[in-house]
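Construct all of the structure, not just a fragment, from the sequences and the given hints.
Protein chains: 6
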Amino acid sequence: MRESKIKRGFFVGRFQPYHLGHHEVIRHVIHEVDELIIGIGSAQDSHTLENPFTAGERVLMIVRALEELGIDKRVYVIPLEDIYRNSLWVSHVCSMVPPFHVVYTNNPLVYRLFKEANFDVKHTRMYNRNEYQGTEIRKKMLEGDEWEKYVPKAVAEVIKEIDGITRIREIAGKDV
Amino acid sequence: MRESKIKRGFFVGRFQPYHLGHHEVIRHVIHEVDELIIGIGSAQDSHTLENPFTAGERVLMIVRALEELGIDKRVYVIPLEDIYRNSLWVSHVCSMVPPFHVVYTNNPLVYRLFKEANFDVKHTRMYNRNEYQGTEIRKKMLEGDEWEKYVPKAVAEVIKEIDGITRIREIAGKDV
Amino acid sequence: MRESKIKRGFFVGRFQPYHLGHHEVIRHVIHEVDELIIGIGSAQDSHTLENPFTAGERVLMIVRALEELGIDKRVYVIPLEDIYRNSLWVSHVCSMVPPFHVVYTNNPLVYRLFKEANFDVKHTRMYNRNEYQGTEIRKKMLEGDEWEKYVPKAVAEVIKEIDGITRIREIAGKDV
Amino acid sequence: MRESKIKRGFFVGRFQPYHLGHHEVIRHVIHEVDELIIGIGSAQDSHTLENPFTAGERVLMIVRALEELGIDKRVYVIPLEDIYRNSLWVSHVCSMVPPFHVVYTNNPLVYRLFKEANFDVKHTRMYNRNEYQGTEIRKKMLEGDEWEKYVPKAVAEVIKEIDGITRIREIAGKDV
Amino acid sequence: MRESKIKRGFFVGRFQPYHLGHHEVIRHVIHEVDELIIGIGSAQDSHTLENPFTAGERVLMIVRALEELGIDKRVYVIPLEDIYRNSLWVSHVCSMVPPFHVVYTNNPLVYRLFKEANFDVKHTRMYNRNEYQGTEIRKKMLEGDEWEKYVPKAVAEVIKEIDGITRIREIAGKDV
Amino acid sequence: MRESKIKRGFFVGRFQPYHLGHHEVIRHVIHEVDELIIGIGSAQDSHTLENPFTAGERVLMIVRALEELGIDKRVYVIPLEDIYRNSLWVSHVCSMVPPFHVVYTNNPLVYRLFKEANFDVKHTRMYNRNEYQGTEIRKKMLEGDEWEKYVPKAVAEVIKEIDGITRIREIAGKDV
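Residue numbers (our numbering), protein chains in the order written: chain A, 1 to 176; chain B, 177 to 352; chain C, 353 to 528; chain D, 529 to 704; chain E, 705 to 880; chain F, 881 to 1056.
In case anyone wonders, no lab produced these hints; they're calculated from the structure. Treat each hint with caution, since some may be false.
Claimed, not checked - Distance condition first, Cα-Cα at most 30 Å in a straight line; then the derived BS3-like pairs of lysine-lysine:
{"hint": "1", "chain 1": "B", "residue 1": "K298", "chain 2": "B", "residue 2": "K183"}
{"hint": "2", "chain 1": "C", "residue 1": "K467", "chain 2": "F", "residue 2": "K1002"}
{"hint": "3", "chain 1": "F", "residue 1": "K885", "chain 2": "E", "residue 2": "K777"}
{"hint": "4", "chain 1": "C", "residue 1": "K491", "chain 2": "C", "residue 2": "K425"}
{"hint": "5", "chain 1": "D", "residue 1": "K601", "chain 2": "C", "residue 2": "K425"}
{"hint": "6", "chain 1": "C", "residue 1": "K357", "chain 2": "C", "residue 2": "K467"}
{"hint": "7", "chain 1": "C", "residue 1": "K512", "chain 2": "D", "residue 2": "K702"}
{"hint": "8", "chain 1": "E", "residue 1": "K857", "chain 2": "F", "residue 2": "K953"}
{"hint": "9", "chain 1": "B", "residue 1": "K336", "chain 2": "A", "residue 2": "K7"}
{"hint": "10", "chain 1": "A", "residue 1": "K139", "chain 2": "C", "residue 2": "K526"}
{"hint": "11", "chain 1": "E", "residue 1": "K777", "chain 2": "F", "residue 2": "K953"}
{"hint": "12", "chain 1": "E", "residue 1": "K864", "chain 2": "F", "residue 2": "K1033"}
{"hint": "13", "chain 1": "B", "residue 1": "K329", "chain 2": "B", "residue 2": "K315"}
{"hint": "14", "chain 1": "C", "residue 1": "K425", "chain 2": "D", "residue 2": "K677"}
{"hint": "15", "chain 1": "C", "residue 1": "K526", "chain 2": "C", "residue 2": "K512"}
{"hint": "16", "chain 1": "F", "residue 1": "K887", "chain 2": "C", "residue 2": "K357"}
{"hint": "17", "chain 1": "C", "residue 1": "K501", "chain 2": "C", "residue 2": "K512"}
{"hint": "18", "chain 1": "E", "residue 1": "K857", "chain 2": "B", "residue 2": "K181"}
{"hint": "19", "chain 1": "D", "residue 1": "K677", "chain 2": "D", "residue 2": "K601"}
{"hint": "20", "chain 1": "C", "residue 1": "K474", "chain 2": "C", "residue 2": "K501"}
{"hint": "21", "chain 1": "F", "residue 1": "K1033", "chain 2": "F", "residue 2": "K1054"}
{"hint": "22", "chain 1": "B", "residue 1": "K249", "chain 2": "B", "residue 2": "K181"}
{"hint": "23", "chain 1": "D", "residue 1": "K643", "chain 2": "B", "residue 2": "K350"}
{"hint": "24", "chain 1": "E", "residue 1": "K826", "chain 2": "A", "residue 2": "K139"}
{"hint": "25", "chain 1": "D", "residue 1": "K677", "chain 2": "D", "residue 2": "K702"}
{"hint": "26", "chain 1": "A", "residue 1": "K122", "chain 2": "C", "residue 2": "K491"}
{"hint": "27", "chain 1": "D", "residue 1": "K688", "chain 2": "C", "residue 2": "K359"}
Quick caveat: nothing in here was measured; it's all calculated off a predicted structure.
Okay, here's the thing in structure tokens:
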């Protein structure tokens, strides 16, 4: 198939961590495209309560979790450093990933920026938005509540292997 | 297999373009590791004679070329923006890609930086170094000489699909 | 008139958007100088609720609005990207605009920085400060309230031509 | 006239200094557009042999020289800091200046970048290219040769007022 | 004594201003090391209520205050600009200061980052934490309350000599 | 002595490495000032043939070498990261170091920039310029020639302790 014929989709998030909400979006949009690009936003951030995991750790979470989905299409997982200028962000994304034609997002700014650049932008369905939410999951990690059930099994494993909960608690100044 | 047991290798280049020299290195080192990370250096550069292709275009070249190798191990293809400080570069790489244990390189600076950081660094074999060389291949592209035979078939296709030769010639101020 | 004899004034704002408060300041200070420089601060910011308009859009607003004032002196309208270091900001401004001798501002930080650099700094009069205020006007734009009467006619036209209200509402995640 | 009906042109240079070659280009292209934007490239550079003058000094040169042309159309003179990434440069320019539809340039990279972004790009005529050339003029300034005849009268005045020749010679380590 | 035998400690703060809490920490840890490095964090910040003093002013405060302690060991006082990426910060520090083996800190993030990099990290004792605290002291400076007793005598002198209180009050928009 | 009465001098270099030429300059200028600031330029650079040593390593060289001079005045050794804009460099230096009144330099750009900022700038004497020169000394280090006699004894020790010669040779791709 020629490059120009390939229908490629773009989905971006910070994935702090990658959770079941993301998982469900991908499970569905994968059927609408030939190939999917997953952009890891704010790739340069880590070791904060808002962004505890490095881009590399997030790559690991996503790649392993995707195997649970049994996808037989090419998926590109690409860290994207922030460019700190909204007017340049679409061009920045386009330079870092293979060409794409459709964008999946529920983020109003992402939506607007790609629309101004004449992309085909689609809202994604929300899956259990109250529970499948980074902020809430990180809070549970910090407070010692159960968090594993909100992320794919592979993600929970990665977080344990890198001792991610200790990192979050130490950064918060909590006794571990 | 637990994360800490996985032997992951790291191989970095600018891949302007990805050529048969890179291809041969990967064909060999893939047998020494469980998983391989391919870092695309100077990811932010494009549209110059030295760095004609965007990171996204290079991702495309590499991912498609790898399929020719029939590899059955996980390979991560990760764009790496320059950090412009040698003393920070190893930490930068480590933050952007999954954890790795061995580095394959023939670049003296890369070799030294990883060695100072106590990594296991190995020289790669050279495959037909005179011909399989980015500088030479870009020169052929510019001059209108035959260049396709120095790159994997998939890479030649990508370059044609993005009309890469025209870009190089126009940037050089040549009539197209 | 020799350069060194020209009395040039400097007035800086973010102009998100340029409103009647700015307009009144300029109407008055223009009489105290031979030429006026209008610096557009945080030029790199756009597409946020705090900074919805690009520097180019703000240039357009200001240049057209100034024509309403019928000024017969040279006015320079210069976008100024942030330098993110207060101790360098005065030098940054001075490198980007023609030489000037007097600064008009009510911003305490701008006042202090120029004073430490031995400039002649003057407070501007406040014109209807409650209504002529960027924050309030952007809020009206967002909420669908009347905002046109707080900006020069030319500015309202520019905002309509670039469909600025839709941008603000979409970024805020509001139905349009 | 509505914004969308205005035919605006964009012409970019480093203008180190603004010389008669630039002057002739503007004298001609001004007839093809309703308004003209003059972008001052590498605005952040100064005090080198390649880029001796600050952006503010170049603004001054250009604005005063333009008056010699007796133009009765709006001309925007806008400093443009480098963004150091070719793939972002067109977006960067577009965010900093009013919307434009046609680009005038003889620079191959500028030509290519705007063409990839689907702009209407036109080559400018060359006026006495051997003599009207920044490199040559700066060399004459440095060597103490006659340089005034290659720039508009207003530009020569500005350079004398800011004592620009002394700066160039001192930076080069020459006795003054 | 050979370099590798020297036990060097690292202590970092923003020192806005250097106060008696810092003073007490240094008075104690100096006995545990051969040499001490004092890193001045966020060196690039100044002229804000949170960071009123420049790095150079803070160098002055610290160097003069240290003389009150009568230390007979080498102390290095080094400004450290922010690197804005937690994953690079330890490498950044290590490149800017002489090699060190032990870190003294009560900051949870600093603690965690150095621990992940396998440094020997020690908590410092807290001295009168309620009073000896930058935030509180800056508040007193702003409000016109007595602040001198919370800082070493030498620091109070430096702040008066640079007229630091006026700066803080002007930045806050207070009448002076 | 009050701050404003202290005559402080500023001397800047890259000190790659600190050599006997620098040493002689300091030996002489120290008599003309009450306190001396030594700025380490391009502090962020290391691990190149032009800039092999980190700022921290250079701090070590300088501080130890100064002890050979038996100076009884305060000397501040301050790393200065590049700001990449000549028009901001003087302000940058001034924000990072204590206030100073006189600058010692033979670098034409440094000379010019401080002169434009109305500093008292003095040329330093040249001591055996042919031999005491960073470029020449680094070349000897690379080629395996004798280099120790061109640097203070303390500097030679530091370079050996950090195994600096091996670094230079490895970066150059030489067998070690």
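Is the straight-line distance between the alpha-carbon of K467(C) and that of K1002(F) 30 Å or less? holds (28 Å)
Starting from K688(D), check that the Cα of K359(C) is at most 30 Å away, please. Holds, because 18 Å separates the two Cα atoms, which is no more than 30 Å.
Measure nothing beyond the straight line between the CA atoms of K864(E) and K1033(F); if it is 30 Å or shorter, mark the hint as holding. violated (42 Å)
Could you grab the alpha-carbon distance between K526(C) and K512(C) and see if it respects the 30 Å cut-off? At roughly 18 Å apart (the allowed maximum being 30 Å), K512(C) and K526(C) satisfy the hint.
Is K885(F) close enough to K777(E), meaning Cα to Cα at most 30 Å? holds (28 Å)
Run the distance test for K357(C) versus K467(C): straight-line Cα separation, threshold 30 Å. holds (22 Å)
Can the restraint linking K857(E) and K181(B) be considered satisfied, given a maximum Cα separation of 30 Å? violated (57 Å)
Is K887(F) within 30 Å of K357(C), Cα to Cα? Distance ~35 Å between K887(F) and K357(C) Cα, so the pair is violated.
Compare the distance between the alpha carbons of K601(D) and K425(C) with 30 Å, and conclude whether the hinted pair is satisfied. With Cα atoms ~16 Å apart, K601(D) and K425(C) stay inside 30 Å; holds.
Would you check the hint for K122(A) and K491(C), treating anything up to 30 Å between C-alpha atoms as holding? At roughly 27 Å apart (the allowed maximum being 30 Å), K491(C) and K122(A) satisfy the hint.
30 Å Cα cutoff - pair K501(C), K512(C): Holds - the C-alpha atoms of K512(C) and K501(C) are around 14 Å apart, at most 30 Å.
So if I understand the rule, the pair passes when the alpha-carbon distance is 30 Å or less; does K643(D) with K350(B) pass? holds (15 Å)
Checked against the numbered hints given earlier, the structure breaks hints 4, 7, 12, 16, 18 and satisfies all the rest.
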